[in-house]
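Peer 1: Chains as they are written, first to last, in our numbering: chain A, 848 to 1643; chain F, 257 to 455.
Hint data in this document are derived by calculation from the structure and do not stem from the laboratory. Virtual Cβ for every residue (Gly too), placed ideally from N, Cα, C. Any given hint could be a false lead.
Stretch-level coverage of chain F by chain A, calculated; a stretch enters the list once three of its residues show a Cβ under 8 Å from a Cβ in chain A [as the list claims (entries may be wrong)]:
#1 305 to 314
#2 339 to 349
#3 427 to 438
The following residues of chain F were derived to be distant from chain A, with all beta-carbon distances above 12 Å [claimed, not checked]:
#4 N333
#5 L362
#6 S383
#7 E386
#8 G387
#9 D388
#10 A390
#11 S411
#12 L414
#13 N416
Simulated restraints, written as ranges between beta carbons of each label pair [unchecked claim]:
#14 A:T1517 to F:A324: 17 to 25 Å
#15 A:A1617 to F:S325: 38 to 46 Å
#16 A:A1491 to F:N434: 49 to 57 Å
#17 F:G354 to A:A1617: 50 to 58 Å
What follows is each chain in one-letter form.
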Amino acid sequence: MMIKRLFLYTAGMFLSFPALALQSLSDTSLSNVQGQSGLTIEQSQLVNIGNLSYTDDSNSLNIQGLRISSQNDINASSSQKYVLDVTADGALSVQTTINPTQLYIDAITINNSSGSFGNLTLNFESIVDFTIIGMPLGGLEGSFAAGISNADMIWQTNGNALSFNNIAFNATVDRFTLEYDAIDNTKGFTRTGLDFGFNELDFSFSTGALSFAGVSLGELAGELALSADLQVFAGGRSGDQGLTMHSQVSILSNPDNFVRFTDYDNAGNGNSLLMGDFSGFLNVTNLTLDLQSYHIALGFDELEGAFNAGKLLIGDSSRSLGGIELDFLLNDDAINDRYNRFQLYPGITQPDFDAMPDEIKSYAESFYQDLDANSEGISIAAQWNLANADLSYIDDGRRVIFSGIKSFGSADTTIDVRDKTLAIGISNLKGSYSIDGLKVGDSDAPLQGGAELLLSLEVYQAMDFDLDGYTEITAGGADGGGIRIDGDYYFSNTNIGLSVDENGQGIWATDVKYDIHLRDITFDVEADGLKINRGEQWSTMDIANLRWGDKNSGRSLGRVKLERFEQGSSLAIMPGGAGQVCVGASAADEASCGSSGGRWEDRGEQGMTIALKAAFANAGSTTDGTATARNRLTWENNRVETSAGSGEYISDSGTQIIFDNYSTNDGRGTSDTNDYGFQANLSIDVYETKVLKKTDEDDVNGVSGDFGDELIYDNIGTVDDPIRGNSYSYVASPTEEQEALRPLGFAVKGNISFKELNIDAVQLKHPDIATPQTVFYGVVMQNLNLTTNLTATPIQ
Amino acid sequence: MKIIIKHTPALVFSMVLSTNIFLIANTHALEPLAENELQQVLGQGGVYLSGDITINESGGPLNNTADASNPGIWQKNCTASSTDKRCGARIAVNSGDGASSGWLVLDNIRGRFSFEGLTLKTRPINSGFEGDGAIFDADVFEVGLPNKVNYSNVSFTLANSNKARPTDANFVQTDILNVKVNGDVNLRGNVLLFPTGNP
């Protein structure tokens, strides 16, 4: 009887049941039936289910301790009201009102697993109206509108909670359809399934707070409009049972679409990150769900999509960062044994500590020290294969595309909630990514170099790596909401492409070992931008070989070891670029800039400004006392080969030059404060750039021109609305119209400054001596204020 | 590492440029290239840089009079036309035996460099160079020199001092010479950087 009530309840709530089963009513219940036309049912219920199981090929997903009750008293019934009517066109109309209700699940396990996914609580009240009518050729169609309010969603593991509070959700569907005519042939045989259609699904949502143990990170809100089709078939990827789905989702273009995160400071002022003006699509083929002995198996054959956001805002500024567009394809690659699969295990599956590198082992053991086999949480074994992606950044209508982004790999991940903290452990990650290069203008443009420009943001063009990393995300930034991150990470077996082409040739840092430790890194959204305070970080990047050419066989420059130690560094990202600048002279307006020999550029309203402060600390102990750290650069060559002809060399067996203990201070030496640090402010725009021919000969594409002529693209648009073609010529003196057809590139207005940058010693070390010999007993650089106006253009 | 520079009327400037960019070079072997070889140096992919670099046009962060944490000796009202020697950047190097030795100083560093067409890219060399390219058969990092570099009021002072910082007790500095540069320098050709020798 309890199960039947649950079915009726869920049918009313989620509308996923095609018909309502009729049941006999008791006299008491019948007395509650009211109505003038149609039928009104008022129902109250208190549901307690010890165990509810879903079984797939003899494996069970167990929902334990399921309770549906009043929100105010878990021992009291919740209540609902259903008003049923038949409209003039013969459709069944159902209006459902669910009064404040709590749905609680004590644990979710698989078979007899000792660990659980944790417990879930959903508080809500809702009003749902829907109509449904039969279709002429079979199936059902209708419309619905649903509103959920005063809702909380709480996930708890081991007694600690992550909660979305005060959720409001509204959705309307102009027309939905349900038919049993979907055909699937993707598995080599034909099967029939359910076909769901949703035309113009508009929804909005908001959360009063996303919080850990009552400490808020901030608020989320959004509006989106979709049209979607979904086909559901019985049978998963393995065994006889399970579930398979295909879906086709269109994100309907609407300037009013948005997603917004709002961070409130201690004074109660809210500042937001906003992404809006969406469009795009998402198609999934063979999304499967299976139950295995110890896990839920999810996977898909192909996920293809495009996501376009025309508006990006930070803070309360009306200036936009510009827009982004992302096209991507994740698919299975059986030839290279790369798939998109996700295995979800209940509880925390701890890594094999003895199998991990010594450099991270103690940090990993510390991370998991309070957890055991019975602990609650989620463990995920994941594989991915991103076959291709293109990411476009659009600034005042000018587009640069990071093209040919590829990635694959696998990782073991655990997620659990701790005291005011979300803990994420990643072990045994073996990953790879690469970026082919840049395109400017449109996706048909030729591939060019220039992805090296990302190096300034410490984003490398290509990387394959093993990673173990342990992160704790705590609620609350430097001021009010926001988040704080502490983490320890170790990269091994790593190759980093610093400047490589689409064939993988270029400059590589190979056999890299890179350990990074982050403490008290806070993220806050402030009125003028996104602020990241890097409380303390120390790291060592040990590059066994810096190679030119192929990453395995290219000539090596030797070993480079970079040790870093920073306290009180920061990074701010602000909307808006450089605006109007005079390149090559100092002037405040176009006329005086030209008369001073400069070039006036109006780089528009959009773009972004990055303000970086690196406070290099003097050598010493870290705040937690677990390590000593310093800033030091070491270059070593003439090393001893591990065996003749192996191409591998023994570290510390060669000659070294060492730049030891470099640090910043406020001008009086290392005993002074270090508030100013090393500052770099970069205003970045995408802008037309001046590219001059450097010889009198034909260029690499056979295009002729004289030395000093300017590269101008052909116009495939109009004079008033010029559009760059893919061909170009060289022009001695371009007209104003032609100047609008200059190549696009990154225009960077930068400023680098420090009060003092101190190097304790520059040393040389021979392998036969224990102590390095000092060349310079100190280098003191002071009072630098270096300003740049540079345009960086990808070239062929 | 080896650096090849071809067709460089201003060889000294090229050396300064390359050593500024790559401080970790150990050998700078210069090898002449023929004009036809030089043309082949222009390759595929990379970055084309143009613009200007200005040092301490209106002083540095220690000159900020509104920042009370700055030492008084540094606090100056610096403008583009100011001649106060504290308005520039300063580098002091101790190549003696530590605290008891003096410091070689480049002081009051100021000025603007502007240029068009500095290119950076990696590319293979497997042909040309009068047959040496095929023998070489490896990748190089190529710095394509800008056609013209304009120096505007670029100046510095070469000096000796007994202490690293002007704020140090009993600080004494003796200026040796002042340098000021205005004008254009034409630079053509490429600097090729590649590893060589035992890594």
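Peer 1: Now, for every hint given, state plainly whether the structure supports it.
Peer 2: Each hint, compared with the structure:
no., hint, in the structure
1, 305 to 314, "holds (count 10)"
2, 339 to 349, "holds (count 7)"
3, 427 to 438, "violated (count 0)"
4, N333, "holds, 14 Å"
5, L362, "violated, 9 Å"
6, S383, "holds, 14 Å"
7, E386, "holds, 18 Å"
8, G387, "holds, 20 Å"
9, D388, "holds, 15 Å"
10, A390, "holds, 15 Å"
11, S411, "holds, 15 Å"
12, L414, "holds, 16 Å"
13, N416, "holds, 14 Å"
14, A:T1517 to F:A324: 17 to 25 Å, "holds, 21 Å"
15, A:A1617 to F:S325: 38 to 46 Å, "holds, 41 Å"
16, A:A1491 to F:N434: 49 to 57 Å, "holds, 56 Å"
17, F:G354 to A:A1617: 50 to 58 Å, "violated, 19 Å"
When held up to the earlier numbered hints, the structure conflicts with 3, 5 and 17 and fits the remainder.
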